[in-house]
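Q: The primary structure of each chain is shown beneath.
Number of protein chains: 2
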Amino acid sequence: MSEILKQQIERITPLTNNEFDYILSHFTTKKLKKHQFLIQENDLVQNDHFVTKGLLKAYYINQEGKEHIMQFGMEDWWITDYQAYFNQNKATLNIDCVEAAEVLCLSLHNREKLCADMHKIEHFFRKKSNAGYVALQRRILSLLNSNAKERYEQLLRQYPTLFQRVPKSLIASYLGVSRETLSRLSS
Amino acid sequence: MSEILKQQIERITPLTNNEFDYILSHFTTKKLKKHQFLIQENDLVQNDHFVTKGLLKAYYINQEGKEHIMQFGMEDWWITDYQAYFNQNKATLNIDCVEAAEVLCLSLHNREKLCADMHKIEHFFRKKSNAGYVALQRRILSLLNSNAKERYEQLLRQYPTLFQRVPKSLIASYLGVSRETLSRLSS
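Chains as they are written, first to last, in UniProt numbering: chain A, 1 to 187; chain B, 1 to 187.
Rather than coming from a laboratory, the hints here were simulated on the basis of the structure. Keep in mind it's a predicted model, so treat the numbers as computed, not measured. It is possible that part of the hints are untrue.
As a list, the in silico DSS-like pairs of lysine-lysine whose alpha-carbon atoms are at most 30 Å apart [said to hold, decoys possible]: (1) A:Lys53 x A:Lys168; (2) B:Lys128 x A:Lys6; (3) B:Lys33 x A:Lys127; (4) B:Lys127 x A:Lys30; (5) A:Lys53 x A:Lys31; (6) B:Lys149 x A:Lys66; (7) A:Lys31 x A:Lys6; (8) B:Lys149 x A:Lys120; (9) A:Lys120 x B:Lys128; (10) B:Lys33 x B:Lys53; (11) B:Lys113 x A:Lys128; (12) A:Lys120 x B:Lys113; (13) B:Lys33 x A:Lys128; (14) B:Lys128 x B:Lys33; (15) B:Lys66 x B:Lys168; (16) A:Lys6 x A:Lys128.
Simulated restraints on C-beta separations [claimed, not checked]: (17) A:Ala116 x B:Lys66: 41 to 49 Å; (18) B:Glu10 x A:Glu112: 17 to 25 Å; (19) A:Leu44 x B:Ser178: 50 to 58 Å; (20) B:Lys6 x A:Ala116: 20 to 28 Å; (21) A:Thr161 x B:Ser25: 40 to 48 Å.
Cβ atoms here follow ideal geometry from the backbone N, Cα and C, with glycine treated the same way.
With the hints as constraints, model all of the structure from the sequences given.
A: In structure tokens, the structure reads:
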């Protein structure tokens with residue numbers, strides 16, 4: 001299962017098997033059932049998670065009890081409450097499993113240790129963070145431009161497989177549109 | 001003027017004067033007048049920009065001619081069209097000066113060279129990118145949660161000095177609310 005992590009790193013920087021084994025020794029593994037929580041609001045967030053199997057969602061519940069989806073996580077994606085993880089604060093997000101999942105867990109301590117030990121891993125995480133930053137800017141623009149149809153089509157283009165795995169209600173919550181609007185768009 | 005860049009880097013990692021001189025030798029400087037463009041849509045984006053003086057805005061103009069502000073940039077902030085810069089694509093954003101400005105320009109080539117040469121600079125940029133990622137996630141949540149009053153108060157708390165320097169119409173465009181809504185909130 002860890003092979004997809006190696007492949008992801010090697011799309012940015014080459015690794016020997018020994019180097020990868022060393023990197024992997026800093027991760028722990030976790031298996032979760034469908035609907036099981038990986039993180040709950042107010043938890044201390046110890047780990048970032050690389051998904052090797054399954055599908056998770058990270059979401060915020062507002063004062064009226066409404067869910068807003070911050071991100072999905074499926075195979076080859078990373079997911080956690082980054083604000084809480086990087087700042088070692090309590091979680092404001094919840095993360096649970098849309099499908100049963102397996103994840104590789106990386107503590108902030110081990111992440112910083114790996115980055116200090118291996119320049120190429122610091123390089124890998126910088127590149128991943130830059131790409132993530134650009135993806136979030138694109139999402140902000142799509143939220144500001146607030147044309148539900150365009151938002152829907154953009155998501156469909158970017159992540160076609162997500163649509164086959166995630167209920168419509170969750171897509172609507174990610175896009176910030178009502179279930180009814182989404183039904184109209186996708187019919 | 002470059003002293004604030006040194007201070008920013010040293011909040012993350014200590015530097016000798018020689019190291020900072022070496023880093024600084026990879027930047028060029030640019031002075032801009034009020035309303036002058038730093039980047040226009042469809043430009044090739046060669047540089048990231050560290051603001052040493054003044055105030056800029058990066059914005060997208062939609063098909064109806066409406067402006068959406070992606071970010072502001074003032075002293076000690078970085079600003080560019082990151083999607084275009086990191087992917088070496090043409091700009092989809094415009095960046096111009098709300099106030100006359102001075103910036104330090106870093107090409108992608110020089111950024112990558114610095115990061116390869118100096119592990120501590122790769123570390124600095126990774127940490128900055130992580131912090132930027134978290135700030136964008138917070139903004140997405142505030143857009144999804146779409147309570148204009150909370151969004152306004154959050155921005156006021158985060159960046160109090162911005163409000164004294166930026167016209168209300170631009171704050172409204174950043175928050176994704178109408179000018180009228182903002183006037184009601186801030187009166």
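Q: Hint by hint, say whether it matches the structure.
A: Here's how the hints hold up against the structure:
A distance of roughly 21 Å separates the Cα atoms of Lys53 (chain A) and Lys168 (chain A); the hinted pair therefore holds under the 30 Å criterion. Simply put, Lys128 (chain B) and Lys6 (chain A) have alpha-carbon atoms about 25 Å apart, close enough for the 30 Å limit, and the pair holds. Only pairs whose Cα atoms come within 30 Å are accepted, and Lys33 (chain B) paired with Lys127 (chain A) is rejected, the gap being roughly 33 Å. With a CA separation close to 27 Å, the supplied pair Lys127 (chain B) and Lys30 (chain A) stays within the 30 Å bound.
A threshold of 30 Å between alpha carbons decides the hint, and for Lys53 (chain A) with Lys31 (chain A) the separation of about 9 Å falls inside it, so the pair holds. With a CA separation close to 18 Å, the supplied pair Lys149 (chain B) and Lys66 (chain A) stays within the 30 Å bound. Proximity of Lys31 (chain A) to Lys6 (chain A) is assessed by CA-CA distance (about 19 Å); at most 30 Å being required, the pair is judged to hold. Our distance criterion of 30 Å between C-alpha atoms is broken by Lys149 (chain B) and Lys120 (chain A), whose separation comes to about 44 Å.
Only pairs whose Cα atoms come within 30 Å are accepted, and Lys120 (chain A) paired with Lys128 (chain B) is accepted, the gap being roughly 17 Å. Straight-line distance between C-alpha atoms of Lys33 (chain B) and Lys53 (chain B) comes to about 11 Å, which keeps the hinted pair within the 30 Å bound. Of the pairs offered as hints, the one joining Lys113 (chain B) and Lys128 (chain A) holds, with about 18 Å between alpha carbons and a cut-off of 30 Å not exceeded. Between Lys120 (chain A) and Lys113 (chain B), the direct Cα distance comes to roughly 14 Å. Compliance with the 30 Å bound is thereby established for this hinted pair.
Under the criterion of a C-alpha separation no larger than 30 Å, the hint pairing Lys33 (chain B) with Lys128 (chain A) is inconsistent with the structure, at around 35 Å. Between Lys128 (chain B) and Lys33 (chain B), the direct Cα distance comes to roughly 28 Å. Compliance with the 30 Å bound is thereby established for this hinted pair. A threshold of 30 Å between alpha carbons decides the hint, and for Lys66 (chain B) with Lys168 (chain B) the separation of about 16 Å falls inside it, so the pair holds. Distance hint between Lys6 (chain A) and Lys128 (chain A) is fulfilled; the C-alpha atoms sit about 14 Å from each other, no more than 30 Å.
For Ala116 (chain A) and Lys66 (chain B), the Cβ-Cβ distance of about 46 Å falls inside the hinted range of 41 to 49 Å, so the restraint holds. At roughly 18 Å, the beta-carbon separation of Glu10 (chain B) and Glu112 (chain A) lies within the given 17 to 25 Å, and the hint holds. Between Leu44 (chain A) and Ser178 (chain B), the C-beta spacing of about 40 Å breaks the proposed range 50 to 58 Å. Look at Lys6 (chain B) against Ala116 (chain A): about 22 Å separates their beta carbons, and that is inside 20 to 28 Å.
The supplied range of 40 to 48 Å is met by Thr161 (chain A) and Ser25 (chain B), whose beta-carbon atoms lie about 46 Å from each other.
Of the numbered hints given earlier, the model fails hints 3, 8, 13, 19; all others are met.
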